[in-house]
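With the hints as constraints, model all of the structure from the sequences given.
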Amino acid sequence: MTETEEKADPPAVMIEPIDISKLDPNFREEIRSMPNGEELSACFACSTCTAACPTANTWKYKPHQLIRMILLGMREEVLSSEEIWLCLTCFECQERCPQNVRVTDIIFDCKNLAAEEGLIPNSIVGLAKELIDKGQLYVVTADWEREDMDLEPEVPGLSTEEFKTILKGTRTGRIVGGDE
Amino acid sequence: MPSYNLYMGCSVPANYPNYETTLFRVGEKLGIELNYMEGVSCCGSPNLRAIDYVGWLTVNARTLAIAEQNGHDIVTPCNGCFGSLKDVHHFLTHNADYREKVNAELKKTGVEFKGTIKPRHFVEALYTDIGIDEIKKKITKPLDGVGIAIHYGCHLLRPEDVTEFKPEIYDALVRVAGASVVEYPLWKQCCGATVLPVNEDLAIRLARDKLKSIKEAGAVFITVACPACGNQLDLQQLGLKESYGEEYNLPVLFVTQILGLAMGMGDDEVGLEMNRVPAGPILEHLSG
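Residue numbers (the working numbering), protein chains in the order written: chain A, 1 to 180; chain B, 1 to 288.
Watch out, some of these pointers could steer you wrong.
[To be verified] A short list of chain A residues far from chain B (calculated; beta carbon distances all over 12 Å):
1) 29
2) 44
3) 47
4) 80
5) 95
6) 98
7) 165
[Unchecked claim] Pairs of lysine to any residue, SDA-like flavour, derived with a Cα cap of 20 Å:
8) B:188 with A:60
9) B:101 with A:34
10) B:108 with A:159
11) A:168 with B:217
12) B:108 with A:34
13) A:168 with B:101
14) A:168 with B:105
15) B:107 with A:159
16) B:188 with A:50
17) B:108 with A:132
18) B:108 with A:165
19) B:107 with B:166
20) A:134 with B:38
21) A:164 with B:38
22) B:188 with A:160
23) B:108 with A:160
24) A:60 with B:199
25) A:168 with B:71
26) B:107 with A:160
27) B:166 with A:96
28) A:62 with B:202
29) A:129 with B:196
[Unchecked claim] Estimated spans, in silico, between C-beta atoms of each pair:
30) A:150 with B:287: 22 to 28 Å
31) B:100 with A:51: 36 to 42 Å
32) B:137 with A:118: 53 to 59 Å
33) A:68 with B:160: 24 to 30 Å
34) A:60 with B:171: 34 to 40 Å
35) A:33 with B:243: 55 to 61 Å
36) A:116 with B:201: 27 to 33 Å
37) B:281 with A:68: 30 to 36 Å
38) A:144 with B:137: 31 to 37 Å
These are calculated hints, taken from the structure and not from any lab test.
Quick caveat: nothing in here was measured; it's all calculated off a predicted structure.
For each residue, glycine too, the CB sits at the ideal point set by N, CA and C.
Here it is as structure tokens:
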């Protein structure tokens, strides 16, 4: 057959080779110590989480791969990945995990670590700024619409000062402050 | 008379006064007292949870702690607020270290989280505390069995060990109003609202998947119990007309708009004209 005479291409690989010297062996413990990260190492890579995810078909790293990457210590790749920010937070992966790994919660943990390193999409930094500046995500503008519906024009009981003060003292304040 | 701390969050008051007013109107019919919480603000949304877990815990623990002062449970009409408050409540009642850390911060504002009241979604309070039998007594203009698809919303349903919410609760509220619940394959799927800030195309694709699934199942209306889901499914239909040339014509009604109409309220009382996809056709399905 003619095909066998042609020079063979390098073998196709499922994933890029992993450079062991770049792995961070402490990463799994770091995630395990974060909120709801305890079950991380129960993952047996069945990829049910990926099957459950409505958007993973467009992801380079699928949810089960992200979990595996955490276990391997691929800290840099996980925290700089676009995927963690594309998570819908719909909890379908977490609901279906047969090992009770809290996959969505763990992706939240990853985003917190990424945020600590300043790896946040600009649009999310913008939302953080809104929270610090206005003390809420949505502000009433069409108060006449409220009055039309027999509601007070201003939201009764609303007070944004304490909210702003709290967030200025936590990471949100550092994210927004550092961006200015 | 059941009395609750009403936590509105930021989206309902700013974007959906029709949802807000129907909470009170339906509540009044059922003898429920709703009191706006004093001194509270936004829940921060999953975006705050993503970038600042401790800040998110603290602002929501503060809201819970304020409610504890009068001892009444919190009810909220927003899945985002419900998800935040319920998750923070669950987490802090199971994690003493974080509870201490958060309370050290809250002390500065004069409150303490103890976990003595529960944050609840308004629909669950209706179902559990009033009950379907009592609600049924107030239905004077039941719907004619028209098919309504329920978009429960992710943060109402999941994670189930945290939310403690059963989809049957919402089903029962739609049925008691006289409608049929239309089952559809993507009933669990996200509306896409959460990913809007980072990838609008993806958000639109998700809304489209959802709307297609609902339309193909034969539903005539959609109901939601969340301003973010409502906004996404209602508003994106206008966008899909332009971007995909597709028309779904699926009016999206808040659960309290449907209950209000079935309790005899007029279209103006439930703010039907504020719906983006014209919701007037539901009036043709009311009996009596």
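Structure-based check of each hint:
no.: 1; hint: 29; verdict: holds, 17 Å
no.: 2; hint: 44; verdict: holds, 20 Å
no.: 3; hint: 47; verdict: holds, 18 Å
no.: 4; hint: 80; verdict: holds, 15 Å
no.: 5; hint: 95; verdict: violated, 5 Å
no.: 6; hint: 98; verdict: holds, 15 Å
no.: 7; hint: 165; verdict: violated, 8 Å
no.: 8; hint: B:188 with A:60; verdict: violated, 24 Å
no.: 9; hint: B:101 with A:34; verdict: holds, 14 Å
no.: 10; hint: B:108 with A:159; verdict: holds, 16 Å
no.: 11; hint: A:168 with B:217; verdict: violated, 48 Å
no.: 12; hint: B:108 with A:34; verdict: violated, 25 Å
no.: 13; hint: A:168 with B:101; verdict: holds, 17 Å
no.: 14; hint: A:168 with B:105; verdict: holds, 12 Å
no.: 15; hint: B:107 with A:159; verdict: holds, 18 Å
no.: 16; hint: B:188 with A:50; verdict: holds, 15 Å
no.: 17; hint: B:108 with A:132; verdict: holds, 18 Å
no.: 18; hint: B:108 with A:165; verdict: holds, 11 Å
no.: 19; hint: B:107 with B:166; verdict: violated, 36 Å
no.: 20; hint: A:134 with B:38; verdict: holds, 18 Å
no.: 21; hint: A:164 with B:38; verdict: holds, 16 Å
no.: 22; hint: B:188 with A:160; verdict: violated, 34 Å
no.: 23; hint: B:108 with A:160; verdict: holds, 16 Å
no.: 24; hint: A:60 with B:199; verdict: holds, 15 Å
no.: 25; hint: A:168 with B:71; verdict: violated, 29 Å
no.: 26; hint: B:107 with A:160; verdict: holds, 18 Å
no.: 27; hint: B:166 with A:96; verdict: holds, 16 Å
no.: 28; hint: A:62 with B:202; verdict: holds, 16 Å
no.: 29; hint: A:129 with B:196; verdict: holds, 17 Å
no.: 30; hint: A:150 with B:287: 22 to 28 Å; verdict: holds, 26 Å
no.: 31; hint: B:100 with A:51: 36 to 42 Å; verdict: holds, 39 Å
no.: 32; hint: B:137 with A:118: 53 to 59 Å; verdict: holds, 58 Å
no.: 33; hint: A:68 with B:160: 24 to 30 Å; verdict: holds, 25 Å
no.: 34; hint: A:60 with B:171: 34 to 40 Å; verdict: holds, 39 Å
no.: 35; hint: A:33 with B:243: 55 to 61 Å; verdict: violated, 44 Å
no.: 36; hint: A:116 with B:201: 27 to 33 Å; verdict: holds, 29 Å
no.: 37; hint: B:281 with A:68: 30 to 36 Å; verdict: violated, 50 Å
no.: 38; hint: A:144 with B:137: 31 to 37 Å; verdict: holds, 36 Å
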